[in-house]
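K.L.:
Residues per chain are reported as follows:
Protein chains: 2
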Amino acid sequence: MDLLQCPLFAGVTKEAASRLLSCFQAEQQDFAPGEVILRYDGTASRIGILTSGSAALSRVRADGSVAISQLLEESDLFGEIFSFSPSLDITEVRAEEACSVVFIDKHHITHPCCSTCAGHLQVIQNLFVLLSRKVVQLDEKVELLSKRTTREKLLCFFAKQAAKENSAVFHMPFAFTTLAEYLSVDRSAMMRELKKMREEGFIRVEGRTVTLLALPEGGDT
Amino acid sequence: MDLLQCPLFAGVTKEAASRLLSCFQAEQQDFAPGEVILRYDGTASRIGILTSGSAALSRVRADGSVAISQLLEESDLFGEIFSFSPSLDITEVRAEEACSVVFIDKHHITHPCCSTCAGHLQVIQNLFVLLSRKVVQLDEKVELLSKRTTREKLLCFFAKQAAKENSAVFHMPFAFTTLAEYLSVDRSAMMRELKKMREEGFIRVEGRTVTLLALPEGGDT
DNA sequence: CTTTTTCTGTTGCAATTGCAACAAAAATGT
DNA sequence: ACATTTTTGTTGCAATTGCAACAGAAAAAG
Chain U
127 MDLLQCPLFA GVTKEAASRL LSCFQAEQQD FAPGEVILRY DGTASRIGIL
177 TSGSAALSRV RADGSVAISQ LLEESDLFGE IFSFSPSLDI TEVRAEEACS
227 VVFIDKHHIT HPCCSTCAGH LQVIQNLFVL LSRKVVQLDE KVELLSKRTT
277 REKLLCFFAK QAAKENSAVF HMPFAFTTLA EYLSVDRSAM MRELKKMREE
327 GFIRVEGRTV TLLALPEGGD T
Chain R
127 MDLLQCPLFA GVTKEAASRL LSCFQAEQQD FAPGEVILRY DGTASRIGIL
177 TSGSAALSRV RADGSVAISQ LLEESDLFGE IFSFSPSLDI TEVRAEEACS
227 VVFIDKHHIT HPCCSTCAGH LQVIQNLFVL LSRKVVQLDE KVELLSKRTT
277 REKLLCFFAK QAAKENSAVF HMPFAFTTLA EYLSVDRSAM MRELKKMREE
327 GFIRVEGRTV TLLALPEGGD T
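Protein chains in written order, with the working numbering: chain U, 127 to 347; chain R, 127 to 347.
Simulated from the structure, these hints should not be mistaken for lab results. A hint or two may mislead.
If several chains are the same, the list does not tell them apart, and a pair holds so long as it fits within one copy or across any two.
Claimed, not checked - Under the rule of at most 27 Å between Cα atoms (straight-line distance), these lysine-lysine pairs were calculated in the DSS-like manner:
1) 286 x 322
2) 322 x 290
3) 322 x 140
4) 322 x 232
5) 232 x 290
6) 286 x 321
7) 290 x 321
8) 286 x 232
9) 321 x 232
10) 321 x 140
Let the sequences and hints guide you as you build the complete structure.
P.N.:
Here is the structure:
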């Protein structure tokens with residue numbers, strides 16, 4: 127995606143946007159799949175905006191196991207300001223697909239260098255909207271993790287995914303191994319539960335295509 | 127807390143703030159402990175700002191069990207815009223202590239009626255800061271819930287609490303029953319684990335005062 | 001087109017967890 | 001001060017889960 131067409135600059139003219147970018151001292155950077163985009167280390171000044179590709183924010187435990195905290199897609203925000211003071215777990219953002227990222231120092235956003243700049247106010251409003259979206263995403267994650275059993279977590283995730291694609295047949299956005307890290311459950315235990323659910327006729331799984339045959343709970347509305 | 131001294135109006139003169147409040151068509155309302163402040167029902171227009179007291183945003187499951195999603199304190203934000211489209215669970219904000227709340231329609235914030243209003247830009251920036259804080263809180267919650275075992279959840283929670291009070295001896299901000307709902311685990315199982323941890327000499331518990339005797343993991347730095 | 005790596009699928013076993021049910025203690029209301 | 005409600009503390013038991021270890025399938029790399 128073109129940075130200037132990114133939701134961050136919605137409602138701002140191209141000219142104003144490019145002026146703002148230099149005013150913000152924005153830095154653009156590309157990342158290959160698997161590369162670490164940012165490792166949280168106490169430096170909480172930069173806000174990252176994913177302008178293309180996909181990435182994951184995860185906590186790597188001392189024993190090496192990984193818990194995916196957030197899945198980041200186009201126009202998502204990330205950065206250490208949005209994180210709690212670090213635990214012993216390593217917190218990092220890693221590219222899933224090839225990514226383009228724009229870094230802006232938060233200072234430039236919250237303290238307008240020139241409030242007269244056309245579009246600055248608009249950008250702040252856009253950031254507000256993007257941040258709201260992140261809150262929604264995190265809230266969704268909390269809902270998932272609040273489910274007591276693996277089955278409930280799976281059903282809730284599937285229901286949300288089905289709602290997104292507006293069909294009982296939907297596509298897994300990532301591998302089952304990744305799903306286990308996202309739901310923060312043991313992979314083999316998750317596979318076992320998945321098998322049970324298949325046998326009991328709740329779902330059908332063909333590769334990464336899943337069909338909800340009976341949707342008990344956790345969906346929208 | 128006086129609404130005009132709330133972080134939302136930081137850096138805004140009293141005069142400008144009261145002008146903005148009427149411009150925003152802000153509505154102030156008080157709630158007694160236990161009262162429902164807001165039940166999410168698909169009406170996603172109002173942003174709530176808790177100006178005094180404390181409240182909890184929770185999901186009530188079909189079987190009646192409760193999962194506390196967020197604990198809200200002075201100057202916290204809430205509202206359906208920050209929530210995922212509702213599941214079958216009831217989502218509600220309920221007062222813990224006596225609360226004062228100000229409701230503002232989001233429209234007034236994101237679409238300035240009069241961008242010339244002194245302080246409007248400042249309020250939007252303040253909202254950005256408050257929202258960032260909410261993201262941090264939610265991220266903290268996700269970190270807690272991502273822990274696999276009840277023991278890890280407890281230790282992580284205790285470590286954070288100790289960090290907040292900057293002491294290995296700290297005070298539980300709410301009842302153990304509430305803690306179980308917050309960690310989304312069975313209360314009796316949590317008590318059992320707590321007992322084990324006491325016996326193994328990890329912690330000491332006297333009423334609502336907890337002492338961390340050995341802090342293994344999950345703390346800050 | 002191999003080779004290597006990652007992902008899927010499975011299982012036994014031990015440990016943890018949720019559930020139900022209860023008694024005692026503490027807090028709350030009248 | 002007494003009655004009532006809520007919270008704490010406990011336990012047995014069944015079910016779920018994590019862990020470890022593995023084999024085959026699929027995907028990625030060379």
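K.L.:
All the hints need checking, so say for each whether the structure fits it.
P.N.:
Each hint tested on the structure:
Taking the shortest Cα distances, residue 286 and residue 322 sit within 27 Å of each other inside one copy (20 Å), while across copies they are farther apart (38 Å). Taking identical chains as interchangeable, the C-alpha atoms of residue 322 and residue 290 lie at most 27 Å apart only when both belong to the same chain, with a minimum of 25 Å there against 43 Å between chains. In this assembly of identical chains, residue 322 and residue 140 lie within 27 Å of each other by CA distance neither inside one copy nor across copies; the values are 54 Å within and 62 Å between. In this homomeric assembly, residue 322 and residue 232 never come within 27 Å of each other (Cα to Cα): the closest approach is 48 Å inside a single copy and 45 Å across copies.
For the homomeric pair residue 232 and residue 290, the shortest alpha-carbon distance between copies (24 Å) is at most 27 Å, but the shortest distance inside one copy (32 Å) is not. Taking CA atoms no more than 27 Å apart as the test, residue 286 paired with residue 321 passes inside one copy only; the shortest distance there is 20 Å, against 38 Å between copies. For the homomeric pair residue 290 and residue 321, the shortest alpha-carbon distance inside one copy (24 Å) is at most 27 Å, but the shortest distance between copies (43 Å) is not. Taking the shortest alpha-carbon separations for residue 286 and residue 232, only the inter-copy value of 25 Å comes in at or below 27 Å, while the best intra-copy value is 32 Å.
In the homo-oligomer, the alpha carbons of residue 321 and residue 232 never lie at most 27 Å apart, since the shortest distance is 46 Å inside one protomer and 45 Å across protomers. Proximity of residue 321 and residue 140 under a CA criterion of 27 Å is satisfied in neither setting, with 52 Å inside one chain copy and 62 Å between copies.
When the structure is compared with the earlier hints, violations turn up for hints 3, 4, 9, 10 and for no others.
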